[in-house]
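Q: One-letter residues, chain by chain:
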Amino acid sequence: MLENIRLSLQGLWSHKMRSFLTMLGIIIGIAAIIAIVSTIKGTNEQIKENLIGAGDNTVNIQFYQGDYPYEIDYNGIPDGVPVISEETRQQLLDLKHVEGASLYTSREAYNVVYYKNTGLSGGRIYGVDRNYLDTCNYIIKKGRGFTESDYKKFRKVALLDESSAETLFQGEEPIGKTLEIQREPFIVIGVIAKSSQFEPVINTIEEYYDYSQNNNGALYVPDTTWPILYSYDEPQSAVLKLDSVDNMTVAGRSAAEILNSKINVQDDTMKYKADDLLKKAEDIQKLGQSTNMMLIWIAGISLLVGGIGVMNIMLVSVTERTQEIGLKKAIGARKGKVLGQFLTEAAVLTSLGGLVGVIVGIVLAEVISRVTGTLMAISVPAAVLAVVFSMFIGILFGLLPSYKAANLNPIEALRHE
Amino acid sequence: MIPILSAEKITKDYGKEKVIKGITLAIYQETFTVILGPSGSGKSTLLNILSGMVKPTTGTVKYEDKIITALSQTELADWKRNNIGYVFQNYMLLSNLTAEENIKVGISSKMTPLAFDRLTHILEIDGLLDKFPAQLSGGQQQRVAIARAVIKGTHLIFCDEATGALDEENSKKVVELLHSLKNTFGVTILFTTHNEQIAHTANRIITMKDGMIISDEENESPISANDMIWR
Ligand SMILES: Nc1ncnc2c1ncn2[C@@H]1O[C@H](COP(=O)(O)OP(=O)(O)OP(=O)(O)O)[C@@H](O)[C@H]1O
Ligand SMILES: [Mg+2]
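Chains as they are written, first to last, in our numbering: chain A, 166 to 582; chain B, 6 to 236.
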């Protein structure tokens, strides 16, 4: 077998130009497929990353009415939806893959928050429990965070994120300043930010709608002060911190189930839902899939043409080497051996083409990625499969010529000039 | 003495043409037999039938006590590989292999080939081993081809017009070498030719005409290859 491969390589080398031209069809086909697959994989990973954010393993579970989060601002506190207890939070925390669980209430901050004459329009205000900053991977940028006594003593203190700090204070030092929230004075004690900053890569308007997080500023107060602002304790949303992005879907679902088991509402479109970013990513990925399939079909046709080229050249090779085959058969080479030699040659030819194709494809994907700015990711299984597939093409299209060679009559073959 | 090769009532038809018309003969070990006859008399066809290259229309061929005309394709290939060597008029060397590689092309791992150095020395090609066929003269190529046929250590060598493309000097040399290989390694040689001078060097001369053997005689006093008188 090794001897056969060595002989094949030698044979291919002695007809460099011809071998290369024969391989070209395979090279182009495989290169196209690898380039497409790498670009698709890169795009898909980009989509996932854009949605989920690098390294942010949190999942939100909010109360929905139909397809949209329930807005207490407009609809009031829903009947039959209790405030989530500490006991329930513990239940969420006990779920598999869950490393942290926090509860929060939230409303729009429009016409609610002011510093002097500047309002925070479009932002949100959050009433958060003691675990919130930790669960959501926030770090204190300036000042301090909430303390136990802030919660116990119902202190009217607030944290800002960087965007709301900028909007409200426009460069002025915010710490220690007094804000007006729902006409109540709150003192700013700190500015917080996500521990890992992540900017989604946005190339098109569609992508902007898909990925841009509502980043008009957020303001946080201890959840114990919520009734000072809005008179009542309200049903909360939950946020979970998970051990891995891949477990978002399953953990989010179980958590929503637990929360839904506590509610009792008439309208059955009203329930807790986890925002399943993984599924959303898949949905966006699917949009591009039909185009991709078409490209792969086109590349497949190129492979077919390449295969026929291989068959043609192998037939030429059989004719050209009729004497050699005749001699080998005359001195006692078995049919199977001749068959094996020609099949090996065809397989070596196409595998080599496949290998070169993979390399060209990767380079091509890299170039596309540089030019268009999209991500590309090399798929090792796809590369291996491509080479194996090229080999298979060689064997398939080499069969007919090899069979022809193996069945040559030695005497007639020897007479061939 | 049992024959190494025997043919029993063989015929060969190509369509309506009867090329071999019933031949029975036996070849004995360590002999040099020449098959003589005019062009078209069926020499090559007979040789091809005896060597298993062509199946006779009727009749059987036996190698020692094995009926080779009854073998399957694979068995026949194995038999050829292990038991016979072939020398062709036009050498049939593989152009992309060196002389040495050409000589060794028929050796399989299960064989115990003859001593390579000794053989190439006898054939006077030991200095040409790394050359390609295109770099060799006809005589040199034919000697490489003979080495390829003999190296396997088989007992039976078929030569079809082995000197047909060579000049006088080279022909003499080839015939002489074949005789000395017969004596050194104990091989049996079957040699077709229409050159009567070569026939005179043989132990036995079989003459063919129109697909039949018209005479088959022992040569009591073979001449040496060097004494051949070329026309
Ligand atoms: N494959 C074949 N198909 C048809 N006819 C054939 C075939 N091989 C040989 N013949 C015929 O058989 C006859 C004998 O041919 P063969 O080659 O045995 O002659 P030969 O004695 O070796 O002649 P030469 O001295 O010219 O080599 C010829 O008439 C030839 O045309
Ligand atoms: Mg002939």
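For the record, the hints were derived by calculation from the structure and aren't laboratory data.
There's no promise every hint is true.
[Stated by the list, open to error] Cross-link-like lysine to any residue pairs, in silico, SDA-like; alpha carbons within 20 Å at most:
| hint | chain 1 | residue 1 | chain 2 | residue 2 |
| --- | --- | --- | --- | --- |
| 1 | A | Lys502 | B | Ser114 |
| 2 | A | Lys500 | A | Lys206 |
| 3 | A | Lys181 | B | Ser100 |
| 4 | A | Lys502 | B | Gln34 |
| 5 | A | Lys569 | B | Thr29 |
| 6 | A | Lys500 | B | Asp122 |
| 7 | A | Lys436 | A | Tyr239 |
| 8 | B | Lys136 | B | Asp122 |
Q: Holds or violated: are the alpha carbons of A:Lys502 and B:Ser114 at most 20 Å from each other?
A: holds (14 Å)
Q: Taking only the CA atoms, is the gap from B:Lys136 to B:Asp122 under or equal to 20 Å?
A: holds (16 Å)
Q: Can you confirm whether the C-alpha distance between A:Lys569 and B:Thr29 stays at or below 20 Å?
A: Violated - the C-alpha atoms of B:Thr29 and A:Lys569 are around 35 Å apart, more than 20 Å.
Q: Check whether the Cα positions of A:Lys181 and B:Ser100 lie no farther apart than 20 Å.
A: Status holds; Cα separation ~17 Å.
Q: If you draw a straight line from the CA of A:Lys502 to the CA of B:Gln34, is it 20 Å or shorter?
A: The given pair, whose Cα atoms are some 31 Å apart, is violated under the 20 Å limit.
Q: Mind checking the alpha carbons of A:Lys500 and B:Asp122 for me, to see if they're no more than 20 Å apart?
A: Not satisfied, since the Cα-Cα distance of roughly 31 Å exceeds 20 Å.
Q: Starting from A:Lys436, check that the Cα of A:Tyr239 is at most 20 Å away, please.
A: It holds: about 17 Å lies between the C-alpha atoms, which stays within 20 Å.
Q: Run the distance test for A:Lys500 versus A:Lys206: straight-line Cα separation, threshold 20 Å.
A: violated (46 Å)
Figure legend: structure checked against the earlier numbered hints; hints not met, in rising order: 2, 4, 5, 6.
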